[in-house]
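Engineer: Here is what each chain is made of, one letter per residue.
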Amino acid sequence: KQEVTQIPAALSVPEGENLVLNCSFTDSAIYNLQWFRQDPGKGLTSLLLIQSSQREQTSGRLNASLDKSSGRSTLYIAASQPGDSATYLCAVYSPLLYFGTGTSLTVIP
Amino acid sequence: GAVVSQHPSRVICKSGTSVKIECRSLDFQATTMFWYRQFPKQSLMLMATSNEGSKATYEQGVEKDKFLINHASLTLSTLTVTSAHPEDSSFYICSVPGGLAGGGDTQYFGPGTRLTVL
Numbered sequence: 875k876q877e878v879t880q881i882p883a884a885l886s887v888p889e890g891e892n893l894v895l896n897c898s899f900t901d902s903a904i905y906n907l908q909w910f911r912q913d914p915g916k917g918l919t920s921l922l923l924i925q926s927s928q929r930e931q932t933s934g935r936l937n938a939s940l941d942k943s944s945g946r947s948t949l950y951i952a953a954s955q956p957g958d959s960a961t962y963l964c965a966v967y968s969p970l971l972y973f974g975t976g977t978s979l980t981v982i983p
Numbered sequence: 173g174a175v176v177s178q179h180p181s182r183v184i185c186k187s188g189t190s191v192k193i194e195c196r197s198l199d200f201q202a203t204t205m206f207w208y209r210q211f212p213k214q215s216l217m218l219m220a221t222s223n224e225g226s227k228a229t230y231e232q233g234v235e236k237d238k239f240l241i242n243h244a245s246l247t248l249s250t251l252t253v254t255s256a257h258p259e260d261s262s263f264y265i266c267s268v269p270g271g272l273a274g275g276g277d278t279q280y281f282g283p284g285t286r287l288t289v290l
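Residue numbers (our numbering), protein chains in the order written: chain P, 875 to 983; chain H, 173 to 290.
Isolated chain P (complex conformation) (with noise of 0.2 Å):
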């Protein structure tokens, strides 16, 4: 069964800085993977996909790569503000969707 864990948990970063956040996998047998975002007591909303067969994914301050050979995910954030904190999810599609542990994460003004 597919295992998806994210690294670190939490993270907490002062305005403006670049941060990595990190997915691993346990098996590489993927169709794609996810990465979403999810405020305080409220639904998911689609960051990122990328598909298995592509390397990353830019939208704005986001970019995401995949390493399919390796089971490894990052999501880079450019020039954090505020408005990011929240909780990022990434999750793979292999061919049920399994999401990772999560990162909570702080930009503090």
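Please keep in mind that the hints were generated in silico from the structure rather than gathered at the bench. Remember, it's a predicted structure, so these values are computed and weren't measured experimentally. Hints are supplied without guarantee of correctness; some may be wrong.
Think about it this way: if two alpha-carbon atoms lie no more than 27 Å apart in a straight line, the pair counts; the simulated DSS-like pairs of lysine-lysine are [to be verified]: (1) K213(H) <-> K916(P); (2) K186(H) <-> K238(H); (3) K238(H) <-> K192(H); (4) K238(H) <-> K875(P); (5) K942(P) <-> K236(H); (6) K875(P) <-> K236(H); (7) K186(H) <-> K875(P); (8) K213(H) <-> K236(H); (9) K186(H) <-> K213(H); (10) K236(H) <-> K186(H); (11) K227(H) <-> K192(H); (12) K916(P) <-> K192(H); (13) K213(H) <-> K875(P); (14) K238(H) <-> K227(H); (15) K192(H) <-> K236(H); (16) K942(P) <-> K875(P); (17) K916(P) <-> K186(H); (18) K238(H) <-> K213(H); (19) K192(H) <-> K213(H).
Dock chain H against the given chain P, drawing on the hints supplied.
Structural biologist: Only chain H this time, still in chain P's reference frame:
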């Protein structure tokens, strides 16, 4: 993109009662829908796969007699928590695949339902 709705968004009930949660795919028909549960400060866990016209597939450890799933149409799946207990209090989210299953499609998530059992 697809829009998925859930109803209700929040429900509080007494222990022992049953609660029905609806998940609707508003933009397209879905033969498959997924139900997830999220306990406080934990990640989402897949509960079951809802299949239109057939029985749902439950993940290990999820009681099918307690969490009844009905996928009666291509746009509606319902999750009924029967004889709810305080430990069933959780955030329930459904999702709809955005394309052909297994074809690298994305998932569209509902806004979630917060269930509190007193």
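Engineer: Which of the listed hints are broken here?
Structural biologist: Result: hints 5, 7 break, sorted rising.
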